[in-house]
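As they're listed, the protein sequences go chains A and B. Taking the working numbering, the leading residue of the first sequence gets 8, the next gets one more, and so forth. Taking the working numbering, the leading residue of the second sequence gets 152, the next gets one more, and so forth.
For the record, the hints were derived by calculation from the structure and aren't laboratory data. Watch out, some of these pointers could steer you wrong.
Claimed, not checked - Here are some, though not all, of the chain B residues that point toward chain A, as calculated from beta-carbon distances under 8 Å:
(1) H180
(2) S184
(3) G193
(4) L194
(5) E199
(6) N210
(7) F211
(8) F215
(9) G235
(10) L246
(11) G249
(12) E253
(13) Q254
(14) F256
Glycine residues also receive a C-beta, built at the ideal position from the N, C-alpha and C atoms.
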Amino acid sequence: GNSVTQMEGPVTLSEEAFLTINCTYTATGYPSLFWYVQYPGEGLQLLLKATKADDKGSNKGFEATYRKETTSFHLEKGSVQVSDSAVYFCALSDFTGGGNKLTFGTGTQLKVEL
Amino acid sequence: KAGVTQTPRYLIKTRGQQVTLSCSPISGHRSVSWYQQTPGQGLQFLFEYFSETQRNKGNFPGRFSGRQFSNSRSEMNVSTLELGDSALYLCASSLDPGQKYEQYFGPGTRLTVT
Chain A
8 GNSVTQMEGP VTLSEEAFLT INCTYTATGY PSLFWYVQYP GEGLQLLLKA TKADDKGSNK
68 GFEATYRKET TSFHLEKGSV QVSDSAVYFC ALSDFTGGGN KLTFGTGTQL KVEL
Chain B
152 KAGVTQTPRY LIKTRGQQVT LSCSPISGHR SVSWYQQTPG QGLQFLFEYF SETQRNKGNF
212 PGRFSGRQFS NSRSEMNVST LELGDSALYL CASSLDPGQK YEQYFGPGTR LTVT
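The shape of chain A in the complex, shown without the other chains (with noise of 0.2 Å):
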């Protein structure tokens, strides 16, 4: 079946420090790959997605492509804000058996430090 592996967490950072958060996936076709954020207390919010090999997803700053040769879809950002501090979740959606399934990885909590 389908499965995400995400670096373990938690991450913690410096303000203005570069970010990478590893995801790599497998999945017997041809899936999109999602990175949703959650604060705390709240649900997931969409920050960017890629439905097909070596497209780049982007928002915010964030920055993610679609790596079909090395299965990846890591997550990275040049400089980070204490704001960004929150869990990040990357996903995969197929449509294999019928229906939209988010597969999630096990999130990864960033802390940024002044």
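Fit chain B to the known structure of chain A by using the hints.
Just chain B now, kept in the frame of chain A:
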């Protein structure tokens, strides 16, 4: 455009009781999915509805059920509640069930079973 709304936001129930959670999708969205989030199991897919039909179902016992109405609003029901059902229940809507369509999440319903 208003986002996904879920009611109630918080709920406390006793073991053995049943509960109904409600979800109103973004206007124009026809697909609604439900997920359970717990610290131990992470985010797990429950089921997806489109045009009042369940298109996909996760690996949960039959105590978990749902339905979708003609206006795309959805409800999920959990009968004979167990302590392990304590979780954040998230509803997500998308324009269409195709895998390239991103899912937008509501704030969730926090269910506590005592």
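To see whether the hints hold, each was checked on the structure:
1. Interface hint at H180/B: violated, since its Cβ lies 11 Å from the closest Cβ of chain A, which is beyond the 8 Å cut-off.
2. This hint holds: S184/B has a C-beta 7 Å from the nearest C-beta of chain A, less than the 8 Å allowed.
3. Among the interface hints, the one on G193/B holds; its C-beta lies about 5 Å from the nearest C-beta in chain A, closer than the 8 Å criterion.
4. Hint on L194/B holds. Least Cβ distance to chain A is approximately 4 Å, under the 8 Å limit.
5. The criterion of a C-beta within 8 Å of any C-beta in chain A is met by E199/B, whose closest approach is roughly 5 Å, and the hint holds.
6. Checking N210/B against chain A by beta carbon gives a least distance of about 10 Å; that is not within 8 Å, so the hint is violated.
7. At its closest, the beta carbon of F211/B sits 13 Å from a beta carbon of chain A; the interface hint therefore is violated under the 8 Å criterion.
8. Interface restraint check: F215/B against chain A, minimum CB-CB distance 15 Å, threshold 8 Å, status violated.
9. Evaluation of the G235/B hint against chain A yields a violated restraint, the C-beta minimum of about 18 Å exceeding 8 Å.
10. Taking 8 Å as the C-beta contact cut-off toward chain A, the hint placing L246/B at the interface is violated, the least distance being around 10 Å.
11. Satisfaction of the interface hint for G249/B is found here, the shortest Cβ-Cβ separation to chain A being roughly 7 Å, below the 8 Å cut-off.
12. A hinted interface residue such as E253/B counts as satisfied when its beta carbon comes closer than 8 Å to some beta carbon of chain A; here the least separation is about 5 Å, so the hint holds.
13. Restraint check, Q254/B versus chain A: the minimum CB separation of about 6 Å is within 8 Å; hint holds.
14. For F256/B, the interface hint holds, since its Cβ comes within 8 Å of a Cβ in chain A; the closest pair sits about 4 Å apart.
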